[in-house]
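Enquirer: Sequence:
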Amino acid sequence: MSHEGIKIVSEEQARRDEQATKLVGDAIVPTKVKVDKSGGTGMKIEWRDGHKSEWTFAWLRDACPCATCHEEREAEGRAPGVAKAKPASLLPMYTAPSRPVDVTPVGKYAVRFKWNDGHEAGLYSWDYLRNVCDLEAKKQIVTRGTV
Numbered sequence: 001m002s003h004e005g006i007k008i009v010s011e012e013q014a015r016r017d018e019q020a021t022k023l024v025g026d027a028i029v030p031t032k033v034k035v036d037k038s039g040g041t042g043m044k045i046e047w048r049d050g051h052k053s054e055w056t057f058a059w060l061r062d063a064c065p066c067a068t069c070h071e072e073r074e075a076e077g078r079a080p081g082v083a084k085a086k087p088a089s090l091l092p093m094y095t096a097p098s099r100p101v102d103v104t105p106v107g108k109y110a111v112r113f114k115w116n117d118g119h120e121a122g123l124y125s126w127d128y129l130r131n132v133c134d135l136e137a138k139k140q141i142v143t144r145g146t147v
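According to our numbering, the sequence shown is numbered sequentially starting from 1.
Here are the computed distance ranges between Cβ atoms for each label pair:
(1) Ser10 x Thr95: 29 to 35 Å
(2) Asp102 x Ala79: 22 to 28 Å
(3) Tyr94 x Asp36: 20 to 26 Å
(4) Asp36 x His70: 23 to 29 Å
(5) Thr95 x Lys37: 16 to 22 Å
(6) Lys108 x Lys22: 15 to 21 Å
(7) Glu71 x Lys22: 16 to 22 Å
Derived DSSO-like pairs (lysine-lysine); straight-line CA-CA distance at most 30 Å:
(8) Lys84 x Lys44
(9) Lys108 x Lys22
(10) Lys32 x Lys108
(11) Lys32 x Lys114
(12) Lys32 x Lys52
(13) Lys44 x Lys108
(14) Lys22 x Lys84
(15) Lys108 x Lys34
Simulated from the structure, these hints should not be mistaken for laboratory data.
Please read all numbers here as calculations on a predicted model, not as lab measurements.
Glycine residues also receive a C-beta, built at the ideal position from the N, C-alpha and C atoms.
Can you make the complete structure from the sequences, with help from the hints?
Expert: Encoded structure:
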């Protein structure tokens, strides 16, 4: 018997999940996607509903949607895009900035990054990216009745 897909959450988390408004339709369809791999600045997406999103590579790496990264963020209470807390030390260790080594489109629904730290498990779907993009934009769309 498999238990995959079963998620046990607190009552508070269940309430938050119910209240979360999820964007659908034109709001999650990109019209233009630009990944500035060589310049190292990040990714920009223009959506069919007119919204524009922009992320740095550091934010995208910290928002990896793979199961391992998602569960780690959830356990630590971090939102997507929020970096892990670094341990306090006298001499902080240098870590290279997050950059993609490779970027691959996945069908018509996602993009996959192979990161310079070796991680490549996350599929960044258009749905995921738009829904973590900008809470204020979501509120405006819901207010206008687009969703």
